[in-house]
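Peer 1: The residues making up each chain are set out below.
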Amino acid sequence: MTWFLTFIAVFTGVKSGIERMSKIFMPLLFLLVFIFIGRGLMLPGAAEGLNWLFKPNFSAIMDGKVWADAFGQIFYSLSIGFGIMLSYASYLPKKSDINNNACMTVFINCGFSVISGIMIFSVLGYMAQQQGVPISKVAGSGVGAGLHHPADGHQPDVRPRLFGTLFFLALCVAGLSSMISLNEVVVAALIEKMNISRKKAAILFSCLGFLVSCAFATGSGVLLLDIVDHFINNFGVLIGAFIEILFVTWFCNIDDLRRHINRTSDIKVGALWTVSLRFITPAMLGFMLVSNCIGDIEKTTAATPRRRRCSSAGPPSFCASCAP
Amino acid sequence: MTTSAIVMMVFGLAITWGGAIVCFRIAFRKEHQARRLRDDE
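Those protein sequence lines, which keep their order, are chains L and S. Converting from the first sequence to our numbering requires adding 108 to each position, the first position being numbered 1. Converting from the second sequence to our numbering requires adding 95 to each position, the first position being numbered 1.
Take every hint as true, because none was put in to throw you off.
List of simulated lysine to aspartate or glutamate pairs, EDC-like, C-alpha gap at most 20 Å:
| no. | chain 1 | residue 1 | chain 2 | residue 2 |
| --- | --- | --- | --- | --- |
| 1 | L | K376 | S | E126 |
| 2 | L | K407 | L | D334 |
| 3 | L | K163 | L | D177 |
| 4 | L | K202 | L | E300 |
| 5 | L | K173 | L | E406 |
| 6 | L | K376 | L | D364 |
| 7 | L | K203 | S | D134 |
| 8 | L | K202 | L | D364 |
| 9 | L | K407 | L | D337 |
| 10 | L | K203 | L | D364 |
| 11 | L | K203 | S | E136 |
| 12 | L | K202 | S | E126 |
| 13 | S | K125 | S | E136 |
| 14 | L | K123 | S | E126 |
| 15 | S | K125 | L | D374 |
| 16 | L | K203 | S | E126 |
| 17 | L | K202 | L | D374 |
| 18 | L | K203 | L | D363 |
| 19 | L | K173 | L | D404 |
| 20 | S | K125 | L | D205 |
| 21 | L | K301 | L | E352 |
| 22 | S | K125 | S | D135 |
| 23 | L | K245 | L | E156 |
| 24 | L | K376 | L | D205 |
These are calculated hints, taken from the structure and not from any lab test.
Generate coordinates for the entire structure from the input sequences, incorporating the hints supplied.
Peer 2: The following block contains the structure:
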């Protein structure tokens with residue numbers, strides 16, 4: 109079903125497919141999130157959850173790891189290094205206000221993250237109060253947090269099925285919009301490289317993607333997904349983004365790029381933009397890459413032989429992801 | 096909720112959504128100017 113909907117969006121084109129789906133999905137997602145925020149804030153213990161999320165600890169500003177974690181959070185949240193921005197930007201008119209579009213993307217993304225945090229942590233506060241444990245015990249991460257906590261938190265609700273359904277609908281909508289953007293990247297690349305039509309590229313990639321993704325629907329699919337997701341996100345995307353930023357900032361004329369984007373924008377970028385791209389971003393990406401490598405090596409050497417065999421599925425999946 | 100948590104929440108929402116609103120205003124103003132130029136032509 110998911111692959112079919114994504115195929116329809118990509119097959120019908122940018123305007124009548126992707127744009128139309130986004131016009132339906134994004135307002136729907138906002139509406140669902142606001143419904144959950146309204147419900148979550150009325151739960152007992154919600155204030156404790158929000159307190160845990162927003163209570164400041166200014167001494168953490170001096171901790172380098174916090175900055176690295178924040179950089180990693182915004183890197184993955186904005187989906188940088190996936191080629192999505194490049195693909196979508198290539199469809200804009202030449203005189204588009206690039207700086208304003210970039211700022212809008214960043215502010216709306218961060219704003220949505222903040223309101224999603226309010227939604228999640230209000231429910232976590234309620235769950236912590238019900239279980240009589242600290243919030244740190246119920247706060248998870250990754251797939252578990254998304255699947256279990258908000259749905260579990262609505263269990264004693266008068267209409268648990270309604271909120272459970274709405275929550276998973278919100279997850280589906282958010283996932284579909286991300287999947288459409290990722291599919292568009294590959295389809296656009298196939299159109300350019302193989303010189304085929306959009307329709308052929310969409311059919312080719314959707315069929316192939318569906319067949320490969322069937323492996324994740326098997327009994328050990330979640331384990332396989334976890335391993336593939338770990339290697340592609342922690343290494344594949346990071347290495348791609350690292351090479352890309354080095355190439356663009358050190359081998360292309362970045363001052364020409366700056367002049368080009370400032371020409372059509374009211375918001376001007378200056379020397380700080382150049383310094384950030386040339387030095388700060390590669391340094392942070394390099395640091396994340398090295399710390400991920402070291403962390404994985406330490407985990408692998410301490411792991412059981414069975415776990416090591418499972419993890420060996422990682423590098424081939426990472427290499428396969430580099431193929432497009 | 097403590098006062099500091101409320102302040103941080105409001106600050107976070109103001110920075111993010113306030114920035115988004117400023118960007119929308121710039122985009123709408125440019126669109127309006129471009130439309131006026133097209134009508135004048």
